[in-house]
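Novice: What follows is the residue order along each chain.
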Amino acid sequence: MSRDQEVMDVTEKVLNPENMAHSQIPTTVHAPADGSVPDEAVVLDTDRMNVYYGSFRAVRDVTLRVAENRITAMIGPSGCGKSTVLRCFNRMNDLIDGARVEGGVHYRNVDLYGSGVDPVEVRRRIGMVFQKPNPFPKSIYDNVAFGPKLTKLTKRTARSELDGVVESSLRKAALWDEVKDRLGSSALGLSGGQQQRLCIARAVACDPDVLLMDEPCSALDPIATGRIEDLMQEIKAEYTIVIVTHNMQQAARVSDCTAFFTVEVTGERDTRTGLLVEVDETTKIFSNPSDERTENYVTGRFG
Amino acid sequence: MPDNHDYRKALHNDIDELRVEVVRLAAMVGDVIVRATEALLSYDMDAAAELIMHDDEVDALSIDIEERCFKLLALQQPMASDLRAIVASMKINADIERSGDLMVNVAKGARRMYGVQLPPRLRGLIQQMSDEADRLLRLAVDAFSDRNGPLGAALNDIDDRLDLLQAEFVQAIFEAHAAGDIDLQAAVQLAVICRYYERVGDHAVNIGERVRFMTDGRLPEHEGAARVKARQAMAASAERFGVDNGDPGEAPDSP
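These protein sequence lines are chains C and L, in that order. Take 1 as the starting number for the first sequence in the numbering used here and just add one per residue. Take 1001 as the starting number for the second sequence in the numbering used here and just add one per residue.
Simulated from the structure, these hints should not be mistaken for laboratory data. Ideal Cβ positions, reconstructed from N, Cα and C, are used throughout, including at glycine. Incorrect hints may appear among the rest.
What the hints assert, rightly or not - If the Cβ cut is set under 8 Å, some of the chain L residues that face chain C in the computed set are: (1) H1005; (2) R1008; (3) Q1077; (4) A1153; (5) G1217.
Taking the hints into account, I'd like the entire structure generated from these sequences.
Specialist: Below you can see the structure in the form of structure tokens.
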């Protein structure tokens, strides 16, 4: 029975028919959004992607589109495959023995796993920031200059040009004012929040198109977290950002679009496979999600 | 992740308690409707005075409910249906409280009507409007308590009966005045009083709409808002391209 019919029936029941004035009842219900990205450029997309570790299927049937200059958050319980999917976007899973990706993963319509695609170039265009700040045991300057030096090795980048890249990267990461007088000091002397912003500056220095962030704030205090979240808003005009977070409130605060993953237990051997449940505007996901599994997760009810 | 486990039990218990309190407030106000009408029809000035005093208790509970909502929003970061339930409770709370105020106005009206002999037809219609307002509030709160979206949406039509009663009452006032049964002052008082009952019905319709929002995330006003946005977008594009699109469009007839 349609929703409209249900409303009409209740009206009929409550009213005496002879007294009932037959006005129309507004009953339009949101059409379930399919999470499509019609008018904006799609930067990353997957098409029924499956990820295996050996014979174990970690993630199945993920179809997702990531729009340009937007922040896309991936949320879900542990083991739902959100980090696995994130790592497919810059081929970090290549480094794991037996990891294999099936189905399409595209970056601006180029098959990321196609033959002839250089994973190093992929990782330059699609940078990554990890959960734990991981600066190199080098100076602040050298941390930021590391990528540009590496990628432009043959050209012997001029020192002044490198200086410019370091400064602009540190400025974009909102760290310049705090470190400009001690660029030669060890990066390991910075606070956790500063180290994480340094890692963002290091990623930004390679002039990427996309930034992948794998729980970038989970090791930080609320103040440092707030700074990173503000920073994300400031730089999203230049980059497309995908963030994996355990913190739903963080996803709600920072992202434009949210993808919810869950985990299903299959087979007699208790195999756990992640899958994408729903992707939609963040407001929709956290105020009125279309899928009951999303609703149950964001309200803390499982079953 | 164990099945059927509630990881936000404290929040959900608080929301359940909130619902109980909103229903309690509605019960108080439902009682006020009945008593205000009794005071009016039986010229009971003591009852009217007591009701006016009693409104403080309604206000106190209403404030308590609002504070509960505020606290849950501030401290629990509710999401999805939890968020909608709390926001809806806040709005519904205001509608119920306002209904209580309207019935206080009826009690005050009873004082002004003291000594006026009401013709039986007017008395009967007042009682019918009162019963209907009480029933509408009850249905609205049932819809809220049972999370019954269709019943909530149906209230808009159910309210038509009270509107018709009000129209009939106004006609009856004219006739009673023309026949010399009531003077002009009493006629005006009665016209104002019947409007209070009619407003309670409107608040019940609002509550029903909020119940629909709570269950489906949908408000009837969304359609109007969408039309405003569409008109603005058309006007903006007309300005940008220097095209005269003519009238950006009347609001279409209600669906």
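Novice: Look at each hint and say if it fits the structure.
Specialist: Hints, verified against the model:
no.	hint	in the structure
1	H1005	5 Å, holds
2	R1008	3 Å, holds
3	Q1077	5 Å, holds
4	A1153	5 Å, holds
5	G1217	3 Å, holds
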